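*Asks:* Each chain, written out:
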Amino acid sequence: MIDLSRYRKDFPILNQTVKGRPLIYLDNAATAQKPLQVIGTVDQYYREYNSNVHRGLHTLSERATRAYEKAREKVARFIHAPRSEEVIFTRNTTESINLVAYTWARKFLKAGDAILLTEMEHHSNLVPWHLLREEKSIELRFIPVTPRGELDLQHLKQLLDGVRLVSVTHMSNVLGTINPVEVITEEAHAAGAKVLIDGAQAVPHMPVNVQDIDCDFYAFSGHKMCGPTGVGVLWARAEILRDMPPFLGGGEMIHEVHLNHSDYADIPNKFEAGTPNIAQAIGLGAAVDYLSRVGMENILQHEQEIGALAIEKLKSIKGLRIFGESEKRGAAISFEIEGVHPHDIATILDEQGIAIRAGHHCAQPLMRKFNVQSTARASFYFYNVPEEIDILVDALKTAKRLFGYVT
Amino acid sequence: MIDLSRYRKDFPILNQTVKGRPLIYLDNAATAQKPLQVIGTVDQYYREYNSNVHRGLHTLSERATRAYEKAREKVARFIHAPRSEEVIFTRNTTESINLVAYTWARKFLKAGDAILLTEMEHHSNLVPWHLLREEKSIELRFIPVTPRGELDLQHLKQLLDGVRLVSVTHMSNVLGTINPVEVITEEAHAAGAKVLIDGAQAVPHMPVNVQDIDCDFYAFSGHKMCGPTGVGVLWARAEILRDMPPFLGGGEMIHEVHLNHSDYADIPNKFEAGTPNIAQAIGLGAAVDYLSRVGMENILQHEQEIGALAIEKLKSIKGLRIFGESEKRGAAISFEIEGVHPHDIATILDEQGIAIRAGHHCAQPLMRKFNVQSTARASFYFYNVPEEIDILVDALKTAKRLFGYVT
Amino acid sequence: MSLDALYQEIILEHYKNPRNFGKLDESRAKAHYENPSCGDQIDLQIVLNDDMVVEDIRFQGRGCAISQASASLMTEAVKGKPLDEVQKIIESFTSLMTGEGEITVELGDLEALEGVKKFPVRVKCAMLGWTALKSLLERETKS
Amino acid sequence: MSLDALYQEIILEHYKNPRNFGKLDESRAKAHYENPSCGDQIDLQIVLNDDMVVEDIRFQGRGCAISQASASLMTEAVKGKPLDEVQKIIESFTSLMTGEGEITVELGDLEALEGVKKFPVRVKCAMLGWTALKSLLERETKS
Ligand SMILES: Cc1ncc(COP(=O)(O)O)c(C=O)c1O
Ligand SMILES: Cc1ncc(COP(=O)(O)O)c(C=O)c1O
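Protein chains in written order, with this note's numbering: chain A, 1 to 407; chain B, 1 to 407; chain C, 1 to 143; chain D, 1 to 143.
I should point out that these hints are in silico values taken from the structure, not numbers from a laboratory. Predicted, not measured: the structure shown is a model, and the values here were computed from it. Glycine is no exception: its CB is placed at the ideal position from the N, C-alpha and C atoms. Among the hints, erroneous ones may be present.
Said to hold, decoys possible - With the C-beta cut set under 8 angstroms, the calculated list includes, among others, these residues of chain A facing chain D:
id, residue
1, His54
2, Leu57
3, Glu62
4, His261
5, Ala265
To be verified - In silico BS3-like links for lysine-lysine, alpha-carbon gap of 30 angstroms or less:
id, chain 1, residue 1, chain 2, residue 2
6, B, Lys70, C, Lys124
7, D, Lys81, A, Lys70
8, B, Lys19, D, Lys134
Said to hold, decoys possible - One side of the interface only, derived from the structure: several residues of chain C facing chain B at Cβ under 10 angstroms:
id, residue
9, Pro18
10, Phe21
11, Ser37
12, Cys38
13, Asp109
14, Val121
15, Arg122
Using the sequences and the hints given, assemble the complete structure.
*Replies:* What follows is the structure in structure tokens.
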């Protein structure tokens, strides 16, 4: 297995004990930890050149503006966006998707139009469309999920009939499934629909190239990819962004304001109203640098290997069932153990220093599909090591024993 | 003059030279600097307990959730909000105001209703209403500004006829004027209108009590009050927030999600979709602690004293004109010098280590009112000292000399 | 490890074999409660006779050992008790969980849940059935 | 301090007494340019005769010393020049400001603006009139 354990030393948080045991952090799909390089970049910003951006003519402001715009360029390069002004800084994936729903969709969708989603979407890619539907009588359709946890694309062509937007997750935060977004995009475009990809789980864990995917919108969060909380990204084609009405109104996003009307600035400023999350965007730039140094190919390989190993070892536990057995998958692994509720598993693991998540993972419709209320989820990142899997497996056996089951 | 200079040592950024001169930071109305206590709180979060909040059952998540909710309580106490769940974390003032425009105003305003603003509003309190008016034929009215830079409230009663919302800045970022928001609120309520206060410039600089003001909404930014970038606040009465439809849809803001509909969570979660700006909110909590220790009464007194002194000394420069001579005012001071354009002033000051702002300060309508394109603005905070005024005045004289004027 | 204190034998036993599990007929007062942050659910039904004694009580639910065992233990504790004593049990159990207030009655088997106090995020689980009971009683005694 | 290099005598002189300031008649080609980040404005008008020589040029504007002096100096530099030479002046001046590309013609008084290069946020000011000129010429030579 590719060994990336040398990077652990960059993550101060990993070097601690929880309940007297060394912390094993397996909640990476919820949020990733931050390396010193990112923490230090944010710290340096506040210590040396904190200032408002864009309109300042003084040295600090100039330096902050340069760093902020440099971060935009880094992010653009990271996802292979053709132009850096196509990168809009938001708070998180959720805001990025809502931005599209509030602007593009409200302008271009009309009654009777359909949006195609999937049964494995995160609430962030469901609720914005529910909100939209309360305003416009649009139809929501769903690509079904197979028992193996893959998208069932058999009837994609029929499903696409009358669809104006396809919005689909690149990687499932519950099942780990990596979806064939290139294929879906091609079909969607052939049917005249635009495509939004929810990349919250993909950008942190694999190389992403928006030009290769050929999608129209791509959304992701900084905090899941070693960046600060409070910053996300919406990428979209320049011509689409230019056609979109603005979202939030305020400083920086205008060209000229009169008492009774305003002219809007060009992209990206048009979509970044008010003082931006400056430190966070600059921190995200540092995260992108860091991940590039580790190498996204290496990260993907490591996670596929450690994911496969984890699945293999977890399966050795009697009564443990894994949700999602897609061929192409990342290292977010959902499971349940007969007779031990996921919340009890999480508590028992936490007592042993292991952080996993238990719940519906903001994917209640998917839970219903698999007829469970909640699952336990262990999700890995490149800094996790195989030894942690063994400790996890032992701890799960302890849980079973505690509940009176033989292991 | 009250001496708060002992707090300077908490601000590492102030201890640097710019162009070989000690930095004099007079761009505080744009953004304030951060004390070690805030920088350290953010740093500690990332080093020790970074984790996603709310749904986590493990130790880190529990600690992060507690800190995040504790920050909400601190902010609530700071502005004397009756209930902490009335504090919604946003990105900045701009998003807070837009949230009201997108939810409350879109639900409750109907064609023909009027919104009353003022001629001294920041673009963030103008453009959201322009955007709203592109959807609904509402009317925007403006309380005029007198030549002295105060609100002309003579005809307030007539102006309020048919008004559903009054939205007004607590303190002008250009003129420094502190507006009589209590009086305006009382009149507005008597006329049946709700009241939103833009407190971006007030919360950092004076004690604010939303219950005394008796307003319905109050918006402000963390970054202007020693907090991190990327966090702002919307406060509103619980019953109003509960009546409002949600803004962004996604994780955390829901109670139950089905494929085709969702039930929303109670406040504050209903308005905080997706992973919040966790580190930033916690950092804002630390800023509030810090400011409370300095004492908001002390800060107000210091700024009124240093502001008065600055105005007095600036007036000694021939050809210098100050915009805004309100009795009740903070220490944001806009001015122009005959024959030297504000941008040139800013550049010349920067060469001498002094950071001021030059431009329209996101208040173009007010600029037009005063018949200028832009002004120079020096804005003070509690860590500024009287000696900095003398250096400022000398530097302005240098600017005049450079441009060939006698001083 | 305090896990043994949390998952005592009696809790696990009630989790696996919940008492008073099931439905009364539809006409009986009913409360549905849910913990939105984890999805645990309780449906509770109760019959108060004319003397204000809990004549019957039933619950159905899905969720973790703590929430389900606590509900099961609760039904045992209150069944056959007069209303004023039930109120004392509710208050005393709440005190046991929160460490605030007083414990004025013998809690018996319910004391097995004391370990939950050390797991603040799980206290909500233990309280779920009790919240349902409280609101049900409020409704019943008002009418 | 490099301020003296930035605000040279000749720049201040052009700022206070701009050359070719004013309007040509409305029928003449016109470009309006603005720097949205600071509000500086330039209105530019030009007359190209049949030999493609800049027969007349006028500007009006509001803004800082750099933007207004640069526009004024520009009008002097290009007035009476044939189009191909004007293009070379534009390119050379752009090179002077950005430090990229080559300076292929004598820039004369325009060299007084060289100091702006050290103030990156002010380069946009110096280029404002030139951007207007470029777009105007593109439009004029296309038609
Ligand atoms: C009066 C006023 N309102 C609103 C804002 C906007 O604040 P932000 O950019 O943090 O959204 C500002 C900041 O410049 C301000 O001074
Ligand atoms: C697939 C997916 N989409 C969207 C989101 C929402 O991300 P955020 O909470 O950062 O907005 C998540 C994160 O949980 C996710 O896993």
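*Asks:* Hint by hint, note whether the structure agrees.
*Replies:* Here is what the structure says about each hint:
The beta carbon of His54 of chain A comes within 6 angstroms of a beta carbon in chain D, closer than 8 angstroms, and the hint placing it at the interface holds. Interface restraint check: Leu57 of chain A against chain D, minimum CB-CB distance 6 angstroms, threshold 8 angstroms, status holds. Annotation: Glu62 of chain A was flagged as interfacial toward chain D, and the flag holds, the nearest CB pair being 5 angstroms apart, inside 8 angstroms. Because the beta carbon of His261 of chain A sits about 16 angstroms from the nearest beta carbon in chain D, more than 8 angstroms, this interface hint is broken.
Interface hint at Ala265 of chain A: satisfied, since its Cβ lies 6 angstroms from the closest Cβ of chain D, which is below the 8 angstroms cut-off. Proximity of Lys70 of chain B to Lys124 of chain C is assessed by CA-CA distance (about 19 angstroms); at most 30 angstroms being required, the pair is judged to hold. Using a Cα cut-off of 30 angstroms, the hinted pair Lys81 of chain D and Lys70 of chain A is violated, with the two alpha carbons roughly 40 angstroms apart. Between Lys19 of chain B and Lys134 of chain D, the direct Cα distance comes to roughly 35 angstroms. Violation of the 30 angstroms bound is thereby established for this hinted pair.
Checking Pro18 of chain C against chain B by beta carbon gives a least distance of about 22 angstroms; that is not within 10 angstroms, so the hint is violated. For Phe21 of chain C, the interface hint is violated, the least distance from its beta-carbon to any beta-carbon of chain B being 24 angstroms, above 10 angstroms. Checking Ser37 of chain C against chain B: minimum C-beta separation of about 6 angstroms stays under 10 angstroms; hint holds. Checking Cys38 of chain C against chain B by beta carbon gives a least distance of about 7 angstroms; that is within 10 angstroms, so the hint holds.
The restraint placing Asp109 of chain C at the interface with chain B is violated, with a minimum CB-CB distance near 25 angstroms, outside the 10 angstroms limit. Interface restraint check: Val121 of chain C against chain B, minimum CB-CB distance 5 angstroms, threshold 10 angstroms, status holds. Taken as an interface hint, Arg122 of chain C checks out: its beta carbon lies about 8 angstroms from the nearest beta carbon of chain B, inside 10 angstroms.
Checked against the numbered hints given earlier, the structure breaks hints 4, 7, 8, 9, 10, 13 and satisfies all the rest.
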